[in-house]
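Q: Here's the letter readout for the chains.
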Amino acid sequence: MFKKLLFATTASPTCDNAAKVAFDLELKWDAKLFVFHVLGVPTRGYSPFVTDIRTGETEQVDPDYIEWVIEEMKNTYGELLKDSENSVLETVVGTPHREILRKARKENVDMIVMGAHTREEDVGATRYRAIAGSTMQKVAKAARCPVVIISRPCTTCWKLFSNIVIGTDFSKPAEYAFRWAHKLAKTVGARLHIFHAFDISSGNYGQARGQNEIEEKIEEARKKIEKNYISKMKGYDNYSIEIWEGIPYVEILKFARERQADLIVMAHHTREIDPKLAELGSTVEQVVLRASCPVASVNHPDKVADLDI
Amino acid sequence: MPEGKLCNKKPVNTKEELQALLTDKSGKQYYEEMNHLDVDRKALWGTIQKSFKSRLKTWLEICSHCGLCGEACFYYLANNKDPRQVPSYKIQQTLGKIIKRKGDVENAFMQECMDTSYAKCTCCTRCGVYCPFGIDTGIMFSYLRGLLFSQGFVPWEMKIGSGMHRIYRAQMDVTVEDWVDTCEWMAEEYEDDWPGLTIPVDKQNADIMYTVNAREPKHYPEDIAEAAILFHVAGENWTVPSEGWEETSLAMFGGDWEACKLQVESVYAAMDRLKPKRMVVTECGHAYRATVIEGPYWAGLKSGKTPVESLHYVEWVAEALRTGKLKIDPSKKIKEPVTYQDSCNYVRNAGLGDIAREIMSYIAEDFREMSPCREHNFCCGGGGGLNGIGRYREQRNIGLKVKRDQILATGAKLVIAPCHNCWDAIRDLEEIYKIGIRWSFLKPLLINMIEVPEELKPKEE
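Residue numbers (my numbering), protein chains in the order written: chain U, 1 to 309; chain P, 1001 to 1461.
In short, the hints are calculated from the structure, not lab data.
No experiment lies behind these values; they were computed from the predicted model shown.
Wrong hints could be hidden among the right ones.
[As the list claims (entries may be wrong)] To list a few chain U residues with every Cβ distance to chain P over 12 Å, as calculated:
| no. | residue |
| --- | --- |
| 1 | Asp24 |
| 2 | Lys28 |
| 3 | Ile70 |
| 4 | Leu101 |
| 5 | Arg191 |
| 6 | Ile200 |
| 7 | Glu213 |
| 8 | Ile218 |
| 9 | Met233 |
| 10 | Arg257 |
[To be verified] In silico DMTMM-like pairs for lysine to aspartate or glutamate, Cα to Cα no more than 25 Å straight-line:
| no. | chain 1 | residue 1 | chain 2 | residue 2 |
| --- | --- | --- | --- | --- |
| 11 | P | Lys1459 | U | Glu175 |
| 12 | P | Lys1457 | U | Asp302 |
| 13 | P | Lys1025 | U | Asp52 |
| 14 | P | Lys1434 | U | Glu57 |
| 15 | U | Lys106 | P | Glu1451 |
| 16 | P | Lys1025 | U | Glu59 |
| 17 | U | Lys138 | P | Glu1191 |
| 18 | P | Lys1305 | P | Asp1207 |
| 19 | U | Lys138 | P | Glu1451 |
| 20 | P | Lys1025 | U | Asp62 |
| 21 | U | Lys103 | P | Glu1177 |
The beta-carbon is built from N, C-alpha and C at its ideal position, and this holds for glycine as well.
Only chain U is shown next, with the shape it has when bound in the complex (with noise of 0.2 Å):
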């Protein structure tokens, strides 16, 4: 399921955990890492200046000055190093989010692994959640890949997942993250909670909704669970259905901590790609800051298309 990866890192602590997670992967998966970091962001014209993500200061790129980089890189992680068998480390100039979907798409990775940034106290915060919070929503909207972005340690080892949280509405990338939750439940055989919460929130303001028409949809999302996602899993039967009402990435958030989920799987696919609306509007962004767990979204068929479920 996992030969080739890419681990997207500004080589700060603020991907640490999803650094451990990213080499774990590696090694249990036999796969091979590339270990990503996008130095710097170029001007627009020709200037051949570039600003340093992580520090804010203006640098002038040379092959010595890379090769810093790649040695800062290295003693990042040491430790992660010593064990790791099939790892490059490789870093460029260019937008973030630009130079990870173009590494992606040139390796034709199987996942990206990034960092979200959860901690105040960093070295250039401010900056990185500014970067990294839009960096984040167009690699998750644009890779063909699923994009799995961790923010809080997370301890357990892939193969021994053993609760795999599916969020739907219904949407056809819905419907590849479900197929890719699937298969990664069956492989590490973890049970899949396929999960819809009934949004109250997008109706009209002011107007309540009934009782009764709360629990006709959560009638109706059951049956297309059950329609659309169990008639398709050819009897694998270590699920469960949940469908909830509120605000969804409240109640995602709640599930996923009632069922103690190792892994939350959503499409992300709001076509709102301006990150000052998408950051508060998009319930992927909500769920990765929040969440205990490691999040993934899917939301292309590219790397689901053919698996065999």
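Chain U is fixed; fit chain P onto it per the hints.
A: Okay, now just chain P, sitting in the frame of chain U:
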């Protein structure tokens, strides 16, 4: 030492030479070598005799030193009206002296000429508008840059840039394969949101052949996708050439006349090969000037025109909005105060001032003109290659003050800058002076404002 290893009179023609230059951080060794570079006086005077013709001769000769050009120069204004920043003075002290001395000049003087022609003039040609004789000092400085290049006195980044054009026919190391692959990639990435979106490569007889700035495939390929989306929605029959897609010319800024010719010929060859009805160039000012205004002369085209009619992106946008190919949703017009940066390279060189106002009338509810504007607008502060030269960062940052004050006076927080270079300078001025503005190309703004026909919207599943 007559010739340095990196700094010499020979242009860069191989990848090895280019790599050697790039490895020299900030051009440290390069500029050190420049201190020992000999001036080939005979060759310099020979070049002048062949290329210094009646127009430039007359200009240098008839300048009456009236000083009217002083107030016209943003450097003069930004530097507290320092008389040494008067354009007439600047050119007489440099090119004027070289001519007077028949090319008999020293290394130190050539370096002084280089510093003046890059860090005291962005070739914005504004002074030419105010000279009673019509003397265009910007043009003369461009000429001086050519003389300097032939003697090896050229800023490190410009030497690299001209080498890129010679090797890749692009200002950055983007190969034909990279370019074509980027087009495929962008179509792939955006087709979910824009069903049927394609970026057709090398299509014969299209209505529009679209060309770009190498920065786009290199760092900001979404710009290409945005252009594709707008052509798609407008229903244009368009294409991009696999070769000859790059419009910019760092060779023009660096004074490498030979590379200028090579570069535009690659674009004209694409026109001959694909036979489009028209060519449209991306939101870049100097690219348009190089390929559409100056290029035909470099390539020796008798007509003085490009092989097919060529439009700047703003001309296409105005036409698309005027004819209804693109329709603006009235509720999505820009409501906040917004101003517009006229790029010197297409407002003074091609008179695209009215076109810009026409666009603004369609998309903005509260359009605020900068003062002065149109043909009288000041350079963004980073033109003529200055944004790209590390050696002159300080001088550039002082120059940015004029644009800063112009923007502040409008009260607008959003600046539309349909030029890569202006975009960059305005971004930098915000980073340096923190005046709380945003800046944008037209494309992303338009995509958020246009009415998308039902059949082009993604089907909800």
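Q: Hints the structure violates: just list their numbers, smallest first.
A: 4, 15
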